[in-house]
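Asks: Okay, here's what each chain looks like letter by letter:
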Amino acid sequence: MILLVADTSDDLPTPASLEALAAARQIDPAVTAVVLGRDTAAAADAAARLPVTEIIRLEHPALGTYTPDGTVAELAGLVGSLAPSHVVLPHTYQARDFVPRLAARLAAPLLTECTGIATVEGRVTFARPIFQGKVVADIVLDGPAPHIVTVQIGAFRADDLPTTTAPAPIRQVPAAITDADIRQVVEPPFRDAQQEVDLSTATRIVAVGRGVKDETQLAMVRQLATALGAEIAASRPLCDAGWLPMDRQIGSSGQTVAPQLYIALGISGAIQHIVGMKGAKTIVAVNTDADAPIFEIADYGIVGDLFDVVPALVAALEAR
Amino acid sequence: MPDREVLDVDILIVGAGPAGLAAALRLAQLQKAAGGEPLSIAVLEKGREPGAHALSGAVLDLSALRDLIPDYADRQAPVDTRVTDDEVHLLTAGRAWRLPFTPPPLANHGCALISLSAFVAWLATQVEAEGIDLFSGFGGAELLWDGHVVTGVRTGDRGLDRQRQPTAAFEPGVDIRATLTIICDGVRGNLTKVLVQRLGLDRDRLPQVYALGIKELWETPDTRLAPGRVIHTMGYPLRLHEFGGAFLYGLPGNQISMGLVTGLDYHDPLFDPHQAFQRLKQHPFVSTLLDGGSLVKYGAKALPEGGWHAIPRLASDGVLIAGDAGGFVNSLRLKGIHLAMRSGMLAAETAFEAVRAGDVSAARLARYQDAIDRSAIRTELYPVRNVHQAFGHGLAAGVAFAGLSMLTGGWWLRDPMPATAGHERTATLADFYGSAAETAVARRSAPKYDRRLTFDRVTGVHHSGTHHREDAPSHLLVHDLEICRTRCAVEYANPCTRFCPAHVYEMVDDGQGGRRLQINASNCVHCKTCDIMDPYQIIDWVPPEGGDGPQYDGM
Chain L
1 MILLVADTSD DLPTPASLEA LAAARQIDPA VTAVVLGRDT AAAADAAARL
51 PVTEIIRLEH PALGTYTPDG TVAELAGLVG SLAPSHVVLP HTYQARDFVP
101 RLAARLAAPL LTECTGIATV EGRVTFARPI FQGKVVADIV LDGPAPHIVT
151 VQIGAFRADD LPTTTAPAPI RQVPAAITDA DIRQVVEPPF RDAQQEVDLS
201 TATRIVAVGR GVKDETQLAM VRQLATALGA EIAASRPLCD AGWLPMDRQI
251 GSSGQTVAPQ LYIALGISGA IQHIVGMKGA KTIVAVNTDA DAPIFEIADY
301 GIVGDLFDVV PALVAALEAR
Chain E
1001 MPDREVLDVD ILIVGAGPAG LAAALRLAQL QKAAGGEPLS IAVLEKGREP
1051 GAHALSGAVL DLSALRDLIP DYADRQAPVD TRVTDDEVHL LTAGRAWRLP
1101 FTPPPLANHG CALISLSAFV AWLATQVEAE GIDLFSGFGG AELLWDGHVV
1151 TGVRTGDRGL DRQRQPTAAF EPGVDIRATL TIICDGVRGN LTKVLVQRLG
1201 LDRDRLPQVY ALGIKELWET PDTRLAPGRV IHTMGYPLRL HEFGGAFLYG
1251 LPGNQISMGL VTGLDYHDPL FDPHQAFQRL KQHPFVSTLL DGGSLVKYGA
1301 KALPEGGWHA IPRLASDGVL IAGDAGGFVN SLRLKGIHLA MRSGMLAAET
1351 AFEAVRAGDV SAARLARYQD AIDRSAIRTE LYPVRNVHQA FGHGLAAGVA
1401 FAGLSMLTGG WWLRDPMPAT AGHERTATLA DFYGSAAETA VARRSAPKYD
1451 RRLTFDRVTG VHHSGTHHRE DAPSHLLVHD LEICRTRCAV EYANPCTRFC
1501 PAHVYEMVDD GQGGRRLQIN ASNCVHCKTC DIMDPYQIID WVPPEGGDGP
1551 QYDGM
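Sequence order for the protein chains is L and E. 1 is the number of the first residue of the first sequence in the numbering used here; add one for each residue after it. 1001 is the number of the first residue of the second sequence in the numbering used here; add one for each residue after it.
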């Protein structure tokens, strides 16, 4: 049995959690998902529609605000009683914070940023990039269960998850922590952190690059994003010039995304940008330069001026 | 705002490169031999870890290492690949001729082919094993002074935003106060530059001249150059009046270390070292070696080539200079690592005695210069003291003089042979092209890259592993942006956009019908070329937030 630690946002499992579920099912289709929080009723109902065998609600007022102590204490207890073969989590900022402690607490092996899973000669083999992504290592975890695995965002596809007919049973497990277990005092978020946009959860992204020459073109691009229900993002030069905030930058010095649809407008495709978006399912590129490297990875390419192409796309979308 | 921390040490070494680490290790050895109350020693390094910012070809003359760590082989120094073959080729646009013999200065038999980054990382483990504190990720931002006496170094602040305002992550730099500071901040080091200017340490010395080395590491599907095979080339893609040449070294694992060294004293304001490097790779002699291979790593670094007469005074009150910061490179042999190490060792010896004696005055520390004058450094550098200046008169004159100087012991009718700082040798468009200047500028077409053999600068930067926090203040201070869009655009057509190998400088539309300089500081690979080569000398390279910069593992 696999234990999936599901992340939720607005009482829905996050896309990263769905990807982690897809990964977990490659190890063993018997997946139990746990949701943590102050009140997990709605999130558990939503998660129960996923292809899992059981949902566990782990509720405590102290879990309302994230602390590594609270999360680790509760999960360690749950893992102890369920004895799963693997614990799988999406590789989020929060997971990066508490998972090493969880592994240490359980004396369990930990593999982070898994990008692929295969069974080789009866042993589950995990792929993970090393040396800044230049090499992919195949790793077999040794030692007694549980093995803890975090899953890189964008590496697994959640769209192929099977649909379910009946919701999975939901079980509430009493939380055992007390306030005294939690040593961290959580302060209000920093000014910097408050405005952070998490583009990794966006299903559609319209990204702009240097090909956009002025503010009127940017307005046109915003129209396209609205028509598609997409987030807007940019390559470095535009964020650098202050046209879009820096937290909307995609690439090696910005965010890494893997949306269903990525429309690259006037982006030449510098490798620094590509590494941040190559996991997108469908990539559409519009650029005046037919030799631009972006076309090498695009599924659909349009050689043309944004001024011609973008309004046509907006008109076509609005006509539907 | 938190208070600035203060740390007191006896000897502070700035820069964990070959010179700084050799100095640290020598101090530890002297300490052990002398016994008594141990001196406190600290080493600062701006890179994330030692070796992160170290880049060279590199052929290592093992003499200094042998003296510093006689049992280096038992200690697994990464110097296993010995040079087996030396070749020199002359390239023209389409052909290559091998010289029938290898000129003596380029005979590398017995030397090791190394990754300088790996070598420095190893040297650091030796230093740390001696219990010396090595602070990686802390650059020396400024010198601390008491009058004209250097009393230590202030490290850079962290967590400033672009407008230099503190963010939530702000941490002020630390004042490291030292009885004696040994500055090993590398080629065109930011502290050395200030020190030399403020104290006039370059008075009566020749101006330092530099070259820019652009290097790539390639991996090929089969062995094209046997490990230990060393090839140097002259000629194409450089013209006769441009100093420099290429290197191609065979490494284990089907790897080729290759690069182009270009004198930063070229005349043509439109010359572009990065473009020249791409043309080198397209030359059939080189392209057949790289064909079907892949680019593993990219990097660039300036190197001091002025030689003996360009070395500044190396000691002043409370301070010594060693390594590339002092200009210890033999440009004829294309080597400096062993000289850097030896200068570090000699600096350590002077420093140890001086601090023990409680006298760190300039007069006492002048013993360092005496030690250098009696050492293998002078034996090696003095006879070739005029060679680089001779190359200033073109390749043919340089080669002729290099040969002649072997007979005269380096003597020439004018000794020292005069030299000019490289940035002053760049001609204006009008001077170089005359009435054809406008056509020359207009005729340049946007370079094409095939992305197999040739790559644009930005792709290179990616392969250098360079990282800087995007919202940090620019660490490239351009003191007058007005000059860029007016005078420089007309006189030189903004050469920074060409000599920078990392696409830091860019002229962009200013939205008002003109152009302005945009500084992509986060691309910077810390080569220092802009600080050296800007014709108006209005660019100051200062260290970015500690730990940021390239990641040169394997280089």
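Read the hints as simulated data drawn from the structure, not as lab findings. Computed from a prediction, not measured in an experiment: that's the story for all the values here. Don't take every hint at face value.
Unchecked claim - To give an idea of the interface, some chain E residues facing chain L are shown, with a C-beta separation under 10 Å as derived from the structure:
#1 Asp1431
#2 Phe1432
#3 Ser1435
#4 Thr1439
#5 Ser1445
#6 Lys1448
#7 Leu1453
#8 Asp1456
#9 Glu1506
#10 Met1507
#11 Val1508
#12 Gly1511
#13 Ser1522
Stated by the list, open to error - Derived pair list, reagent style DSSO-like, types lysine-lysine, alpha-carbon separation capped at 27 Å:
#14 E:Lys1193 x L:Lys278
#15 L:Lys213 x L:Lys278
#16 L:Lys213 x E:Lys1193
Heads up, the beta-carbon is just placed ideally off N, CA and C, and yes, glycines get one too.
Asks: Evaluate each hint against the coordinates.
Replies: Evaluation of the provided hints:
1. Here the hint on Asp1431 of chain E is broken, as its CB sits about 34 Å from the closest CB of chain L, past 10 Å.
2. A distance limit of 10 Å between C-beta atoms decides the matter here; for Phe1432 of chain E the minimum to chain L is near 31 Å, and the interface restraint is violated.
3. The closest approach between the C-beta of Ser1435 of chain E and any C-beta of chain L is roughly 34 Å, which is over the 10 Å cut-off, so the hint fails.
4. Evaluation of the Thr1439 of chain E hint against chain L yields a violated restraint, the C-beta minimum of about 25 Å exceeding 10 Å.
5. Look at Ser1445 of chain E: its Cβ only gets to about 13 Å from chain L, farther than 10 Å, so that hint breaks.
6. Given hint, Lys1448 of chain E at the interface with chain L, holds; its Cβ is 8 Å from that chain's nearest Cβ, closer than 10 Å.
7. Interface restraint check for Leu1453 of chain E: the shortest CB-CB distance to chain L comes to about 15 Å, outside 10 Å, so the restraint is violated.
8. Look at Asp1456 of chain E: its Cβ gets to within about 8 Å of chain L, closer than 10 Å, so that hint holds up.
9. Annotation: Glu1506 of chain E was flagged as interfacial toward chain L, and the flag holds, the nearest CB pair being 9 Å apart, inside 10 Å.
10. Interface restraint check for Met1507 of chain E: the shortest CB-CB distance to chain L comes to about 13 Å, outside 10 Å, so the restraint is violated.
11. For Val1508 of chain E, the shortest C-beta to C-beta distance to chain L is roughly 8 Å, which falls under 10 Å, so the interface hint holds.
12. For the restraint placing Gly1511 of chain E at the interface with chain L, the shortest Cβ-Cβ distance is roughly 8 Å, inside the 10 Å limit, so the hint holds.
13. Against a cut-off of 10 Å between C-beta atoms, the interface hint on Ser1522 of chain E holds, since the closest Cβ of chain L lies about 6 Å away.
14. Straight-line distance between C-alpha atoms of Lys1193 of chain E and Lys278 of chain L comes to about 44 Å, which puts the hinted pair past the 27 Å bound.
15. Straight-line distance between C-alpha atoms of Lys213 of chain L and Lys278 of chain L comes to about 25 Å, which keeps the hinted pair within the 27 Å bound.
16. About 40 Å separates the Cα atoms of Lys213 of chain L and Lys1193 of chain E, which puts this hinted pair outside 27 Å; it is violated.
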